[in-house]
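Visitor: Given next are the chains, with one letter for each unit.
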Amino acid sequence: QKEVEQNSGPLSVPEGAIASLNCTYSDRGSQSFFWYRQYSGKSPELIMFIYSNGDKEDGRFTAQLNKASQYVSLLIRDSQPSDSATYLCAGWGGNKLVFGAGTILRVKS
Amino acid sequence: DGGITQSPKYLFRKEGQNVTLSCEQNLNHDAMYWYRQDPGQGLRLIYYSQIVNDFQKGDIAEGYSVSREKKESFPLTVTSAQKNPTAFYLCASSLLPGGADTQYFGPGTRLTVL
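Protein chains in written order, with my numbering: chain A, 886 to 994; chain B, 193 to 306.
By construction, these hints were calculated from the structure, which means they are not laboratory data.
Given the structure is predicted, the values throughout are model-derived calculations rather than measurements.
Be aware that a few hints might be false.
Unchecked claim - Here are the simulated lysine-lysine pairs, DSS-like style, with alpha carbons at most 30 Å apart: (1) Lys927/A with Lys275/B; (2) Lys262/B with Lys981/A; (3) Lys887/A with Lys206/B; (4) Lys275/B with Lys887/A; (5) Lys927/A with Lys887/A; (6) Lys981/A with Lys249/B; (7) Lys927/A with Lys993/A.
Said to hold, decoys possible - Heads up, incomplete: computed chain B residues facing chain A, CB under 10 Å, no partners named: (8) Gln209; (9) Arg236; (10) Phe297.
Stated by the list, open to error - Some chain B residues close to chain A (C-beta under 10 Å, calculated; not the full set): (11) Tyr227; (12) Gly234; (13) Gln242; (14) Asn245.
Backbone N, C-alpha and C fix where the C-beta goes; we use that ideal spot for every residue, glycine too.
Isolated chain A, as found in the complex (with noise of 0.2 Å):
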């Protein structure tokens, strides 16, 4: 069963801080990775993804992958209380996006 662990959370930052949110997948041969941001009652939207070992920078985000270790990660720097949601990690593996259950942030003002 190929498996995508994320911390529930949830992850408390004072606004202006930075969040990471952490992922990690058991299937070695993913190759791309998605996060996406949920807020309360709605559907999922596309933050980010990667598919090359190192950072991406996009904005205020940061995507890190590490293949070796099977870890993926989020930053998101200078947080404001809009950032306050569930992030969603998603690995493809074989055919299908495998999804975590996503880590609960809060941005405190």
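Starting from the structure of chain A, add chain B where the hints point.
Guide: The following block gives chain B in isolation, referenced to the frame of chain A:
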């Protein structure tokens, strides 16, 4: 506006009823997916379709059925055989079939069994 639409937003089902959830996309995407989300759990794949007139079972297909007669439409029927259907149902699509392509989600349908 391009996007994915789902209807209805809220749906109530009585015991023994079949209900159908609609999913339409105008993104010209080849692949479409149905997921179920329960509180505190990740998204679980119900069915997916990579091409018109073809679809495959996901991890939790029992009690559900789908059709893909048109590229833009992928309706999901929740049958009376699904014993615990109360959940948030999400439809998604991606441009390319079979590859590790980005999936985009519709707004979802919240189904409640009365």
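Visitor: Can you name, in rising order, the numbers of the hints this structure does not satisfy?
Guide: 3, 8, 14
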